[in-house]
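Chemist: Input sequences plus hints: build the corresponding full structure.
First residue of the sequence shown? That's 5 in our numbering, and the numbers climb one at a time after it.
Everything labelled a hint here was simulated from the structure, so no lab data went into it. Errors might be hidden in some of the hints.
Restraint ranges, calculated between C-beta atoms of paired labels, are given here [what the hints assert, rightly or not]: (1) 55 with 141: 27 to 35 Å; (2) 9 with 125: 23 to 31 Å; (3) 39 with 142: 33 to 41 Å; (4) 126 with 53: 35 to 43 Å; (5) 136 with 68: 24 to 32 Å; (6) 55 with 25: 32 to 40 Å; (7) 39 with 109: 31 to 39 Å; (8) 82 with 35: 20 to 28 Å; (9) 38 with 68: 18 to 26 Å; (10) 28 with 57: 26 to 34 Å.
Distance condition first, Cα-Cα at most 30 Å in a straight line; then the derived BS3-like pairs of lysine-lysine [what the hints assert, rightly or not]: (11) 44 with 34; (12) 34 with 137; (13) 137 with 44.
The C-beta atom is built at its ideal place from N, Cα and C for all residues, glycine as well.
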Amino acid sequence: MVTLRALALDDAPALTRIYSGASIRHTTGKPLTLDQAHDKIRNALARAAETPRAQWSWGILHGSDLIGLISLRRRTPSMGTISYILREDSWGNGYATQAANHVVSAAFTTAGLNRLEAMHHPDNPASGRVLVKAGFTHVGTADRHTDDGTVLRCPEVSGQGPNRVVLSRK
Numbered sequence: 005m006v007t008l009r010a011l012a013l014d015d016a017p018a019l020t021r022i023y024s025g026a027s028i029r030h031t032t033g034k035p036l037t038l039d040q041a042h043d044k045i046r047n048a049l050a051r052a053a054e055t056p057r058a059q060w061s062w063g064i065l066h067g068s069d070l071i072g073l074i075s076l077r078r079r080t081p082s083m084g085t086i087s088y089i090l091r092e093d094s095w096g097n098g099y100a101t102q103a104a105n106h107v108v109s110a111a112f113t114t115a116g117l118n119r120l121e122a123m124h125h126p127d128n129p130a131s132g133r134v135l136v137k138a139g140f141t142h143v144g145t146a147d148r149h150t151d152d153g154t155v156l157r158c159p160e161v162s163g164q165g166p167n168r169v170v171l172s173r174k
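Modeler: The following block contains the structure:
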């Protein structure tokens, strides 16, 4: 079982372990430095204090061990996106699915959203399975441009609209 909690500045070393190795293969591909981890946490804490709130970031804990990060971002007044990353040694245990379910619930209650979107890298079908288990429906792909100029066709899951990864409140 996992729990979510706000990030704290002393989480920076754990964040560098999360943003490393195979865990970043389908993100930036670059490990997070300790200074970048501190900046990421400070940014999350500043965003938490904004009104209206546009972003929520939580550490994913298994017991007392910080194993990942999950975020909810408000993109419009009624639509948001979720993203997550787990430390490689915690994969395959259902932790991302549990965390995503917590965030989906918060999105539709606390944040008052009516629609969620997400996407995953085409070479990371496990992330797509997490989204489906959290209630998303696969509806197509979207072009994502990478830093080196290549274009990826990313699967998307959705409850509404073509080529979107979406979950709508029922």
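Chemist: Taking each numbered hint in turn, which are not upheld by the structure, reported in ascending numerical order?
Modeler: As far as the earlier hints go, only 8 is violated by this structure.
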